[in-house]
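S.K.: So the sequences go chain by chain: A and B. Position 189 of the first sequence, counted from 1, bears residue number 189 in full-length UniProt numbering, the numbering being contiguous throughout. Position 71 of the second sequence, counted from 1, bears residue number 71 in full-length UniProt numbering, the numbering being contiguous throughout.
Keep in mind the hints are simulated off the structure, nothing from the lab. Every residue, glycine too, gets a C-beta built ideally from N, C-alpha and C. It is possible that part of the hints are untrue.
Listed next, the in silico DMTMM-like pairs over lysine to aspartate or glutamate satisfying Cα-Cα at most 20 Å (straight line) [stated by the list, open to error]:
no. : chain 1 : residue 1 : chain 2 : residue 2
1   : A       : 205       : B       : 119
2   : A       : 205       : B       : 117
3   : A       : 205       : B       : 108
4   : A       : 205       : B       : 137
5   : B       : 58        : A       : 302
Computed list of chain B residues with no C-beta within reach of chain A, every gap over 12 Å [what the hints assert, rightly or not]:
no. : residue
6   : 11
7   : 76
8   : 80
9   : 110
10  : 155
11  : 234
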Amino acid sequence: MQDQAKKFFASLGLDTRLLGMIGALVVIWIVFGIATDGRFLSPRNFFNVSVQTASVAVMATGMVFVIVTRHIDLSVGSMLGFIGMTVAALQVQWLPQIVGLGHWSIWIIAVFAAILMGAVLGAFQGWIIGYLTVPAFIVTLGGFLIYRGAMWWVTKGQTQAPLDPTFRLLGGGAEGTLGETLSWIFGIIAAVVAVAVMLMSRRRKADHGFVVKPVWAEAIMVGLAAGLIIAFVWIMNSYPIPKGAMKRMTEARGIEYTEDLVWNHGVAIPVLILLVVTVVMTVIATRTRFGRYVYATGGNPEAAELSGINTRWLTVKIFALMGALTGIASIIASARLNAVDVGLGTLDELRVIAAAVIGGTALSGGFGTIYGAVIGALIMQSLQSGMASVGVDAPLQNIVVGFVLVFAVWVDIVYRRKTGA
Amino acid sequence: MDKKTPLVEMKDIHISFGGIKAVDHVSVDLYPGEVVGLLGHNGAGKSTLIKILSGAYKADGGEIWINGEKATINNPRDARKYNIETIYQTLALADNLDSASNLFLGRELVTPLGMVDDDAMEAETRKIMGRLNPNFEKFSAPVSALSGGQRQSVAIARAVYFNAKILIMDEPTAALGPHETQMVSELIQQLKAEGIGIFLISHDIHDVMELCDRASVMKNGKLVGTVDVDSVTDDDLLGMIILGKHPHEKAEAEG
Ligand SMILES: Nc1ncnc2c1ncn2[C@@H]1O[C@H](COP(=O)(O)OP(=O)(O)OP(=O)(O)O)[C@@H](O)[C@H]1O
Ligand SMILES: [Mg+2]
Numbered sequence: 001m002q003d004q005a006k007k008f009f010a011s012l013g014l015d016t017r018l019l020g021m022i023g024a025l026v027v028i029w030i031v032f033g034i035a036t037d038g039r040f041l042s043p044r045n046f047f048n049v050s051v052q053t054a055s056v057a058v059m060a061t062g063m064v065f066v067i068v069t070r071h072i073d074l075s076v077g078s079m080l081g082f083i084g085m086t087v088a089a090l091q092v093q094w095l096p097q098i099v100g101l102g103h104w105s106i107w108i109i110a111v112f113a114a115i116l117m118g119a120v121l122g123a124f125q126g127w128i129i130g131y132l133t134v135p136a137f138i139v140t141l142g143g144f145l146i147y148r149g150a151m152w153w154v155t156k157g158q159t160q161a162p163l164d165p166t167f168r169l170l171g172g173g174a175e176g177t178l179g180e181t182l183s184w185i186f187g188i189i190a191a192v193v194a195v196a197v198m199l200m201s202r203r204r205k206a207d208h209g210f211v212v213k214p215v216w217a218e219a220i221m222v223g224l225a226a227g228l229i230i231a232f233v234w235i236m237n238s239y240p241i242p243k244g245a246m247k248r249m250t251e252a253r254g255i256e257y258t259e260d261l262v263w264n265h266g267v268a269i270p271v272l273i274l275l276v277v278t279v280v281m282t283v284i285a286t287r288t289r290f291g292r293y294v295y296a297t298g299g300n301p302e303a304a305e306l307s308g309i310n311t312r313w314l315t316v317k318i319f320a321l322m323g324a325l326t327g328i329a330s331i332i333a334s335a336r337l338n339a340v341d342v343g344l345g346t347l348d349e350l351r352v353i354a355a356a357v358i359g360g361t362a363l364s365g366g367f368g369t370i371y372g373a374v375i376g377a378l379i380m381q382s383l384q385s386g387m388a389s390v391g392v393d394a395p396l397q398n399i400v401v402g403f404v405l406v407f408a409v410w411v412d413i414v415y416r417r418k419t420g421a
Numbered sequence: 001m002d003k004k005t006p007l008v009e010m011k012d013i014h015i016s017f018g019g020i021k022a023v024d025h026v027s028v029d030l031y032p033g034e035v036v037g038l039l040g041h042n043g044a045g046k047s048t049l050i051k052i053l054s055g056a057y058k059a060d061g062g063e064i065w066i067n068g069e070k071a072t073i074n075n076p077r078d079a080r081k082y083n084i085e086t087i088y089q090t091l092a093l094a095d096n097l098d099s100a101s102n103l104f105l106g107r108e109l110v111t112p113l114g115m116v117d118d119d120a121m122e123a124e125t126r127k128i129m130g131r132l133n134p135n136f137e138k139f140s141a142p143v144s145a146l147s148g149g150q151r152q153s154v155a156i157a158r159a160v161y162f163n164a165k166i167l168i169m170d171e172p173t174a175a176l177g178p179h180e181t182q183m184v185s186e187l188i189q190q191l192k193a194e195g196i197g198i199f200l201i202s203h204d205i206h207d208v209m210e211l212c213d214r215a216s217v218m219k220n221g222k223l224v225g226t227v228d229v230d231s232v233t234d235d236d237l238l239g240m241i242i243l244g245k246h247p248h249e250k251a252e253a254e255g
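Go ahead and model the full structure; you've got the sequences and the hints to work with.
M.R.: What follows is the structure, encoded as structure tokens:
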């Protein structure tokens with residue numbers, strides 16, 4: 001029986017680690033679903049969890065590269081706060097004086113500024129780590145303190161609010177979504193692309209004369225991918241926008257509001273950003289030279305160097321990328337809250353590292369996947385949201401998450417030992 | 001000996017680590033289509049010497065000339081530009097990657113869009129491994145899952161795939177079985193016939209006597225001497241390695 005199941009999953013080409021993570025996620029959802037009489041499994045909750053996961057998950061994809069190359073980045077939470085505060089001040093205080101309050105370009109400038117600032121700060125840290133060979137732990141620990149302090153100096157500790165209205169859409173909320181129609185279009189296009197990519201890869205392999213999956217297995221995988229995407233869109237499209245927001249939105253669009261007019265949320269913009277980041281980072285990890293060098297350097301830095309890879313410059317690029325992603329995460333986090341106070345991003349570095357590690361990234365280097373880190377972030381957020389919804393208070397939540405982290409890594413170690421990976 | 005320009009001349013190379021003079025003013029050379037054996041006890045400085053040629057270390061002093069021109073080799077990328085390929089004693093494989101990724105590491109095949117083309121690389125790897133180690137089948141496994149000999153085959157495949165002009169082999173057959181060793185010997189003969197120059201580091205005197213044209217012997221970082229293999233006996237070579245004693249007959253002067 002067990003052998004049969006193993007064979008079945010092997011011919012599907014699914015690795016057991018991925019199955020394990022998805023299994024854990026499903027168990028968490030079912031347990032909290034039961035404990036909340038189904039509230040946890042409502043479209044509303046899935047929508048909220050997806051939005052709350054986005055910021056940490058975006059950073060976790062970058063943390064995979066950092067940890068794969070045997071480094072660590074403790075600065076991302078503080079950096080997120082520093083960038084968030086700077087960009088908020090840009091929108092609230094500085095830009096209105098230059099281009100005028102409410103100018104259309106404010107959000108665009110703010111977005112570019114956030115990403116650029118992250119990339120520059122990250123590159124600088126990476127340069128110290130790669131070229132001056134100060135350990136990443138120390139450099140980013142320094143960054144952790146420096147950015148949190150610098151954040152205060154930007155506005156002398158003043159909270160910045162409200163943010164630019166267009167910028168705010170990047171954080172989700174009733175308006176910050178694709179809306180029903182666009183969500184369906186997005187879902188269908190994504191499903192078609194996913195199926196096309198899978199079939200093309202199969203054709204290429206067959207052309208080279210390699211063994212490919214049996215047709216039935218391929219069909220199941222293709223169906224699963226397309227089905228998951230459509231199911232996700234369907235769930236997001238089943239969460240009606242609450243009355244208050246409906247009134248606001250209909251008014252803005254010049255439509256008369258009536259009681260039986262129902263619009264659904266659809267896919268939230270931060271979640272869309274996360275999906276795009278996940279796809280791009282996966283392509284970088286698996287299909288570009290840069291990604292290949294990241295893993296090679298993580299597996300054997302000396303071999304990478306002897307193969308002509310400039311590992312110092314690689315380190316700069318990895319930390320610059322981590323910084324740019326922190327910039328994106330900072331946009332999402334500050335836009336969602338519509339305000340930035342000096343606490344923004346506190347403890348995020350630990351959530352990000354935990355997400356990557358729960359997702360199967362090995363601290364010893366060389367192993368880790370982007371999708372794993374995203375699922376790791378989703379597991380963590382599901383746990384926290386679930387506990388909050390059954391009334392577990394914050395200190396106990398932290399205790400549980402702490403235990404889960406250690407447990408997950410232990411399971412991972414046992415798994416690796418068994419599979420010899 | 002000046003029939004033509006040497007492929008490689010390493011002149012008066014020296015390097016020390018801390019206080020240890022790992023390579024102490026050594027000069028060796030290599031002609032096209034020639035195999036030069038590098039011999040010496042453990043820690044004699046053989047690997048260090050060739051790592052200077054392959055760009056892994058930068059010499060404290062001395063010169064490298066390639067095809068009669070002075071060469072600057074500051075890193076492994078520079079060495080590859082001179083068509084120098086190396087099989088390192090430690091193999092230098094990324095254990096977490098599969099054999100194709102290792103074979104093409106730093107020189108990946110890409111699609112027109114610039115994406116890494118794993119399928120094409122695997123196909124090429126299957127071809128070359130078919131020549132070197134026909135029993136090899138674990139193409140999608142990370143090299144950590146391979147046996148010592150299989151790993152060595154991957155390292156050899158990587159060095160010969162890219163049309164090296166100068167090939168450095170640091171104990172290439174240490175982990176290989178008799179059949180695979182035989183195949184490497186044949187490969188060396190074949191590459192030699194193609195005009196490639198090979199530095200072969202080995203502890204096996206018989207191998208050296210069979211495959212090499214000349215042998216350079218090192219002891220404690222110093223060059224004992226370079227001899228024509230045909231003009232010496234096994235015992236002469238052993239004497240050079242163990243006692244650092246130059247055989248009385250035909251020996252090249254050494255600076
Ligand atoms: N990176 C290094 N740092 C410090 N010392 C080194 C380093 N590499 C080599 N050495 C020293 O240099 C000397 C020569 O070492 P090398 O590896 O060249 O020897 P070898 O002739 O290749 O020996 P073997 O036959 O054991 O491979 C040794 O004393 C070694 O300890
Ligand atoms: Mg050696």
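S.K.: Would you mind marking each hint as holding or not holding in the structure?
M.R.: Structure-based check of all given hints:
{"no.": "1", "hint": "205/A <-> 119/B", "in the structure": "holds (6 Å)"}
{"no.": "2", "hint": "205/A <-> 117/B", "in the structure": "holds (11 Å)"}
{"no.": "3", "hint": "205/A <-> 108/B", "in the structure": "holds (18 Å)"}
{"no.": "4", "hint": "205/A <-> 137/B", "in the structure": "holds (17 Å)"}
{"no.": "5", "hint": "58/B <-> 302/A", "in the structure": "holds (15 Å)"}
{"no.": "6", "hint": "11", "in the structure": "holds (24 Å)"}
{"no.": "7", "hint": "76", "in the structure": "violated (5 Å)"}
{"no.": "8", "hint": "80", "in the structure": "violated (6 Å)"}
{"no.": "9", "hint": "110", "in the structure": "violated (7 Å)"}
{"no.": "10", "hint": "155", "in the structure": "violated (10 Å)"}
{"no.": "11", "hint": "234", "in the structure": "holds (33 Å)"}
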